[in-house]
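Assemble the whole structure, with the sequences as input and the hints as a guide.
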Amino acid sequence: MSRIGEVFKNTKAFIPFITCGDPDLATTKKCVLEMAENGADIIELGIPFSDPTAEGPVIQEANLRALSGGVTTDKIFDLVRDIRKETDIPLVFMTYANVVFSYGTEKFLSICKDIGVDGLILPDLPFEEKEEFYIPCKKLNIDLISLIAPTSEGRIADIAREAEGFLYIVSSLGVTGMRSNISTDLDAMVKLVRKNTDIPCAIGFGISNPQQASKMAQISDGAIIGSAIVKIIAEHGTASPKYVGEFVKSIKEAL
Amino acid sequence: MDRSKKRGRFGIHGGQYIPETLMNAVIELEKAYDHYKNDPEFNRELSTLFNEYAGRPSRLYFAKRMTEDLGGAKIYLKREDFNHTGAHKINNVLGQALLAKKMGKTRLIAETGAGQHGVATATAAALMDMECVVFMGEEDTKRQALNVYRMKLLGSEVVPVKTGTATLKDAVSEAMREWTSRIADTHYCLGSVMGPHPFPTIVRDFQAVISKEIRTQIMEKEGRLPDAVIACVGGGSNAIGSFYHFIEDEGVALIGCEAAGRGIDTFETAATINTGRLGIFHGMKSYFCQDEYGQIAPVYSISAGLDYPGVGPEHANLHDTGRAEYVPVTDEEAVEAFEYLAKTEGIIPAIESAHAIAHAMKLAPGLDRNKIIVITVSGRGDKDCAAIARYRGEEIYE
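Residue numbers (the working numbering), protein chains in the order written: chain A, 1076 to 1330; chain B, 14 to 411.
Since the hints were made in silico from the structure, they are not lab data. Keep in mind that a hint or two might mislead.
As the list claims (entries may be wrong) - Calculated Cβ distances over 12 Å to all of chain B for the following chain A residues:
| no. | residue |
| --- | --- |
| 1 | L1108 |
| 2 | G1114 |
| 3 | K1150 |
| 4 | S1177 |
| 5 | K1188 |
| 6 | P1201 |
| 7 | E1203 |
| 8 | K1213 |
| 9 | I1223 |
| 10 | I1234 |
| 11 | L1261 |
| 12 | K1270 |
| 13 | I1294 |
| 14 | K1306 |
| 15 | E1310 |
| 16 | G1312 |
Claimed, not checked - Only pairs whose alpha carbons sit at most 20 Å apart, straight line, appear in this in silico DMTMM-like list of lysine to aspartate or glutamate:
| no. | chain 1 | residue 1 | chain 2 | residue 2 |
| --- | --- | --- | --- | --- |
| 17 | A | K1104 | A | E1228 |
| 18 | A | K1087 | A | D1099 |
| 19 | B | K234 | B | D381 |
| 20 | A | K1150 | B | D304 |
| 21 | A | K1182 | B | D304 |
| 22 | A | K1317 | A | D1273 |
| 23 | A | K1150 | B | D395 |
| 24 | B | K44 | A | E1228 |
| 25 | A | K1182 | B | E41 |
| 26 | B | K165 | B | D395 |
| 27 | B | K175 | A | E1136 |
| 28 | A | K1104 | A | E1310 |
| 29 | B | K375 | B | E261 |
Where is the CB? At the ideal position from N, CA and C, for every residue including glycine.
Structure, rendered in structure tokens:
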């Protein structure tokens, strides 16, 4: 079992997301360490992309802020090297297929391996196109994390059978962002997943407070929160690590 | 799910790089299209719409004065500018709207750059009594204010997209995001031969009427196939439509004209095949203008319709195999061709189409008089007059 899989053995996992380099890499590092210290179980590190088609406005803007600050994939690799000196929390890169492909998929993944990145999430890589990334990931024991959406009817069994690390269950239609109400029948989705795999599943998209997170973690094995954290960083800028830490703590305590 | 046969590939290009949320929607679309493309009733309805509503077949016009003036190859113009709504865009839109209607969809969404595809989609939506929302970069809503008004007049909602560079690529991204949030009643009426499979194939098939007609018309007029077919390429829908029925005819040169903007040695260009490299974006693997880290580059062209950082996957493959040639044409060359065609033939072409005219002006004089060139005039140029006047220093606004 991978380091990511291990996490779910004893706990409901909380998986916070952060866009690297928003507003700068030093702040990202401090936020990541605060998250780790306050109970995060796995951290999703977003490598910004110029045109993030699966993101709502909050993370779109974070991507643009980071890129206009001069962040690059190589600088983010350096950030991870730096973070790894202080924590061994499982780390997952979340970015778009072109960022990896354009860097050279094998080169990108071998650096991930070297610096201690445990998994990769590519929201624009469905089951049908997975192979060219999955094969090199498998070779290096990097978990390529699959997503299941409310519209995945008839596809869940196939996706679940090949899933690695954890399954990312997309709670609602649409893009990332906070929602006051999540209406998808997630119970039924998770049951279908369980029929086909033992892999843990975590629910993301639209979760923004302890009550929602707790509810999602009861249905599944964990909760993923992105936009709500990115919004804190947008508000507090370089002063955000403290607030991010407090937020992470409040979520973890609710799970 | 069967991964053994690569779906929607043109060589190494194409594919379906989209969020899981949209996968069943594109699969449903593919199934519906596979059914209806061979359905006689569907084809009868579409052909009636083409002929009675859009005004097809469009003329293949012998440009006598231009031919004489350039003093080389015989030049024919395929007059897609004669179509209803003034461009080739209506061919694809009527096809997709009819398909969407058969699929039980009641709402169309679309992206638009210059506004031509948006106007065409709004038109089809009005005709077929469907709801319509068009996403348009905020920059483009300013550059093409008249088209924004047209779409509203036709009953559509126009959403200005403020993210990123606020141009065509951002409009595509936003339309994709919208589709992710509302699939059940909504069809994404994509405007070019790009995006995830099956769009590049569907759009190409609906635009292929252009080359089908050229073939018949040139056989009637000349008794033989042309030596070259020339068209402008942004995403590449009028070009693939003009090329498609000639791909198997090795003797017919296929030439796509990309927007070089201020030149392919500058950063202000949109010439994807000439300056881009292989990547994955907007659902497809193809060539894209991008930086060394795969960030999509801001592109530039005087023509809002060619101002896109990627190119359709079938063009990328025609380039790889050498079957088609893709040449860059600058703003200045396109503007000169725009003015030239107006003065020589009394035809004001779209600034997009003027890129194809410009290349023909370079090519024709060096060819023998018994050679035949067909240029696709993809649209009419009324929409561009104010912008070209400003380019020439006259402060005219619509």
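How the hints compare with the structure:
1. L1108: holds (25 Å)
2. G1114: holds (29 Å)
3. K1150: Violated, because the least Cβ-Cβ distance between K1150/A and chain B comes to about 10 Å, which does not exceed 12 Å.
4. S1177: violated (3 Å)
5. K1188: At about 19 Å from chain B, K1188/A clears the 12 Å cut-off, so the statement holds.
6. P1201: Since the minimum Cβ distance to chain B is about 5 Å, P1201/A lies within 12 Å and the statement is violated.
7. E1203: For E1203/A, whose nearest Cβ neighbour in chain B is about 5 Å away, the distance does not exceed 12 Å, so it is violated.
8. K1213: Fine: 15 Å to the nearest Cβ keeps K1213/A off the interface.
9. I1223: The claim breaks: I1223/A does not keep its Cβ more than 12 Å from every Cβ of chain B (closest is about 6 Å).
10. I1234: violated (8 Å)
11. L1261: holds (14 Å)
12. K1270: holds (17 Å)
13. I1294: For I1294/A, whose nearest Cβ neighbour in chain B is about 19 Å away, the distance exceeds 12 Å, so it holds.
14. K1306: Consistent with the label, K1306/A stays out of reach of chain B, its closest Cβ about 17 Å off (over 12 Å).
15. E1310: With a cut-off of 12 Å, E1310/A remains clear of chain B, as the shortest Cβ separation is near 20 Å.
16. G1312: holds (21 Å)
17. K1104/A x E1228/A: The hint is violated at about 39 Å.
18. K1087/A x D1099/A: It is violated: about 31 Å lies between the C-alpha atoms, which goes past 20 Å.
19. K234/B x D381/B: holds (18 Å)
20. K1150/A x D304/B: holds (15 Å)
21. K1182/A x D304/B: The given pair, whose Cα atoms are some 17 Å apart, holds under the 20 Å limit.
22. K1317/A x D1273/A: With Cα atoms ~36 Å apart, K1317/A and D1273/A exceed 20 Å; violated.
23. K1150/A x D395/B: violated (48 Å)
24. K44/B x E1228/A: holds (16 Å)
25. K1182/A x E41/B: violated (36 Å)
26. K165/B x D395/B: With Cα atoms ~19 Å apart, K165/B and D395/B stay inside 20 Å; holds.
27. K175/B x E1136/A: holds (11 Å)
28. K1104/A x E1310/A: It holds: about 17 Å lies between the C-alpha atoms, which stays within 20 Å.
29. K375/B x E261/B: violated (26 Å)
In this structure, the hints that do not hold are numbers 3, 4, 6, 7, 9, 10, 17, 18, 22, 23, 25 and 29, in rising order.
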